[in-house]
Amino acid sequence: MICQECNQRDATVHFTKILNNTKQEFHLCESCAREKGDVMMKSFGSPGFGTNPFGEPAFSFQNLLSGLLGFETQGATPMSKGIQTQQGPKRCATCGLSYPQFAQLGRFGCADCYTTFENHLEPLVRRIHGGATAHTGKVPQRAGGRIKIKKQIEELRAELQQKISAERFEEAAVLRDRIHELERGVQGNSGEGV
Amino acid sequence: MSISDFVRDASRWMQEEGPHSDIVISTRIRIARNLRDIPFPLLANEAQSEEVLNAVRQAVESPAFAEKGRYEILPLRDVEDVDRQALVEKYLISPSLVEHARRGAVVLRDDEEVSIMVNEEDHLRLQVLLPGLQLREAWALANETDDLLEARLNYAFDDRYGYLTACPTNVGTGIRASVMLHLPALVVTQQINRVLSALGQVGLVVRGVYGEGTEAVGNLFQISNQITLGQSEEEIILNLDSVVRKIIEHEQSARHFLLNENREVIEDRIARSFGILAYARRLDSKETMQRLSDVRLGIDLGVIKGVSKNILKELMVMTQPGFLQKFHGAELAPGERDWRRASLVRERLQMDEGRI
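Top line first, the protein sequences correspond to chains F and X. The numbering of the first sequence is the UniProt record's numbering, which starts it at 1 and goes up by one. The numbering of the second sequence is the UniProt record's numbering, which starts it at 1 and goes up by one.
For reference, chain X alone in the conformation it holds in the complex (with noise of 0.2 Å):
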């Protein structure tokens, strides 16, 4: 493996589906830990944050990880700034890694479900990427993987405080679990803020698909959890599926209802996407991943036929930036991007058989 293997084929979540696939995007499970010994990244000069990367590489190259899949490690200065990019679509690694890309590295198992950010915010990031909802598992993956970092690894961990991290608000379990839902029924009918805004009442949070700050575009939303103390891993996830449940639910009642009182209308907005998304010669992103929804959209319910359900998470990593230069192998102007992202996806269209 080497970084084009990673910053060229769709990513195995984008491939395949998951439990509940038909609103939940993906699961994502991120555990941030540091080295006892060492300055966190902030502080930590260049010759410490290099100890950080050895103690790391050495952990990753024992045997025990051996047995669970092929690791790349790949320290960013060594990676070019359109693959650093893409990395940064497909969710391996943080911007706020790309910052740091001199002392910044990620190791990647090759199914991709498995990363980890070296020197980033924490001197260790470790992040699991499963499709559909899938929470158990990537905590049960997440937490073998970091059983064997500790095997070779002595972390900073406080009998009061837990595991010890830069930044207090993930002190504790470090853990920050994630799901990323797919809910237009809910837009459409307006009840989104609703739902929404009572995640706060129970310590959870509401981010854009791209992090912190950023807006929510494709009626994508990723919820995750506020609080890393005083509540194990297990519960923190166990609230945070159980609330997701809850949103599927309400998701599903909203699409029936659509479906039952509002037919035409429905109808008529997917086909228009469809037909747009099919035949248009520029596309800007923000268009792409509404009308992309809308078509996602149409294909669970069911009016759209013979277009895999995988489309909407493909083309939302696909026709980011950076993948669209890597596909163009050069650098693209803003005006050249709308063009190169509409001929990816129509050309992407035609590749299924899709009918309405």
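One chain only, chain F, in its complex shape (with noise of 0.2 Å):
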């Protein structure tokens, strides 16, 4: 099927819009199809968060967020409640959020989802926080001894290297076992608990 806005590429989001009990459809592309969605936005509001007595969109925290994440996302648009794309949306394995949902709720599900949609995250917390995109400040007393040992991991690798460019292969292999053993501890200390 091909697009019916601009009448090239392959259509590849469908949605149905009903306003007024007028039902109307539309295959579109995904550079149309959030060109459209921005344009809809502008008119209607996004769908949930109502409007002001002027029939313009109410301001809000969701409607601005969601604003930000349509603009992340490959053609999940904020009007993504009825947009399905071919390929269905990847889903939190632990919770089982899908992006598009994120992007209407604005919460995510679970601390797993963090990881799920690291792609999406990145220019998006960078966009929230003024160009930041790591934690510099307090780390619970758990999480640091784990931090602690990774970078120790790291370290410990990079003279590994050193020891086998250089031949050294007694050496390497005694660091090559304390590494196994670091590695073990990260392991055991982050299921501890769970």
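Check the hints yourself; a few may be wrong.
[What the hints assert, rightly or not] Listed below are several chain F residues computed to face chain X (Cβ distance under 10 Å; list not exhaustive):
| # | residue |
| --- | --- |
| 1 | Thr94 |
| 2 | Cys95 |
| 3 | Gly106 |
| 4 | Arg107 |
| 5 | Asp112 |
| 6 | His129 |
| 7 | Gly130 |
| 8 | Gly131 |
| 9 | Ala132 |
| 10 | Ala134 |
| 11 | Thr136 |
| 12 | Pro140 |
| 13 | Gln141 |
| 14 | Arg142 |
| 15 | Arg146 |
| 16 | Ile147 |
[As the list claims (entries may be wrong)] Now the stretches of chain X that chain F is said to cover, found in silico as 3 or more residues with beta-carbon under 8 Å:
| # | stretch |
| --- | --- |
| 17 | 31-40 |
| 18 | 171-177 |
If you're looking for bench data, these hints aren't it; they were derived computationally from the structure. Note that CB positions come from ideal geometry on N, CA and C, so glycine has one too.
Take each chain as given, in its own frame, and dock them per the hints.
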């Protein structure tokens, strides 16, 4: 199916709009869908957030956030409720949340969502937090120990490479064993209390 | 302690003064925390929410906590509607926790300086509330309490993104530090918009007194940090603290200006508002807040003598609908509320020997 808007690219986004009992179907390519999504967002406001007495979209934080999110996602506009791309959206294995759902709610479902949606996350976080993408504040004591060990492992690995290049294999073997030992420790620690 | 103790009297922050309390009403620090292996409250099922509450209960009932004060755990389902409202009006819980009342709970320290909301947007929202400008003290107390909790709880923490929160706007430190300011002179001299619009450029945001999206009433403004990632808690607090101190200076010079250049106008306004609060028979909440703001300014400028400075803090909470109903002992229609509010304000003013 060809995109009904540009008549050039394949239509990969299909959605149905129902307004005042009139049903309208759209078959669009991703880039036309995004344009259309923006226009509709302006004229109707994003779904579920209501309008003020002047008929303009009510300004809300979620509205703003889903605007940001829509910008990030491929084909999933803020109108994502009615949109299905041909490949089903990726879901978090732990809690089942999909990215379009996140875009709508503005909330993650569990801690693992941060790993599942890693690729979308960095630009979003950067935008929300004035360019920052990494935590520099307090570290809980338990995690603090884990981070230290991870750093230590990295350093040992670098040293190991040097020993191997220098063909000092006996010393390298000692380092290798030490790294294995530390890695077991990290896994053990993070599993603690689960 | 029981729920009735928490919803009857004024909190300590309302009764005590703190540093810069001529302008700074209160300091609040809130940190968001989640448990690692349970879905965030939005997606958690009933059993999982109960698991969170039990984990928090165990942590709070540990001996380390007992050393710091007496804590009460109140599941919201056991709290009556009017008491829930009173807790919101005292800033001990958020309106959003009330919406999640079926699974939500709050842990309150007996002095009400520390509270922990459970199963709101995040599993834990730890709050410290102190009078006046005390950001460092509030963070120290929050940090210490957080350590005690962490000793028993497995927090969701990521090496890169820090403390993981349901909403990515809180990720990292999870901290929201806010200061409530009374800025009548900047409003009267029409400098307030200039001052507030500069805040965005330094990563701060202004909210109404009862949270996001609420209107600024009674010349009260809540200023807080917007960004939670990429800066340490200390940096975030220092930034807010130094900006607040600048605003205090501006407000003070605006007050001097009013006294020196516009004395008659401002005295007249203060005296009229004092007269209305002392004698009116019906007061809606908006007018009450505006008149209280004038009276408080009058106390600060020395125009009104013999009235406690804390009258603004006390009455801004105690004249809210929930507390009015508590005092009355039964539900009040909106019209009755205005009558009750006026009589409460009159009674409170008669306790002091105010004169102009």
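| field | Restraint outcome when arginine 142 of chain F is required to lie within 10 Å of chain X by C-beta distance | value | With a closest approach of 7 Å, the arginine 142 of chain F hint holds.
| Cut-off 10 Å, beta-carbon criterion: hint that glycine 130 of chain F touches chain X | Given a least distance of 5 Å, the restraint on glycine 130 of chain F holds.
| request: Using Cβ atoms only, decide whether alanine 134 of chain F comes closer than 10 Å to chain X, and label the hint accordingly. | output: Constraint on alanine 134 of chain F satisfied, holds at 5 Å.
| field | Hint validity - alanine 132 of chain F Cβ closer than 10 Å to any chain X Cβ | value | Constraint on alanine 132 of chain F satisfied, holds at 2 Å.
| said: Quick check on the hint: threonine 136 of chain F CB to chain X CB, less than 10 Å? | reply: 5 Å, holds
| query | Against chain X, is glycine 106 of chain F within 10 Å by beta-carbon distance? | reply | Holds, about 6 Å.
| query | Is the interface hint for isoleucine 147 of chain F satisfied, with its Cβ closer than 10 Å to some Cβ of chain X? | reply | Interface hint status for isoleucine 147 of chain F: holds (6 Å vs cutoff 10 Å).
| message | Hint arginine 107 of chain F vs chain X: min CB-CB distance below 10 Å? | response | Nearest chain X Cβ about 5 Å off; hint holds.
| Hey, does the glutamine 141 of chain F contact hint survive, CB to chain X under 10 Å? | Hint on glutamine 141 of chain F: holds, closest Cβ of chain X at ~7 Å, below 10 Å.
| said: Just to make sure I understand the rule, a stretch counts as covered if three or more of its residues have a C-beta closer than 8 Å to a C-beta of the chain. Does the stretch 31-40 of chain X meet that for chain F? | reply: It holds: at least three residues are needed, and the stretch 31-40 of chain X offers 6 whose Cβ sits within less than 8 Å of chain F.
| task | Have a go at the arginine 146 of chain F hint: is there a Cβ in chain X nearer than 10 Å to its own Cβ? | result | 8 Å, holds
| said: For the restraint on proline 140 of chain F, tell me whether the closest CB of chain X is nearer than 10 Å. | reply: 5 Å, holds
No hint from the list above goes unmet by this structure.
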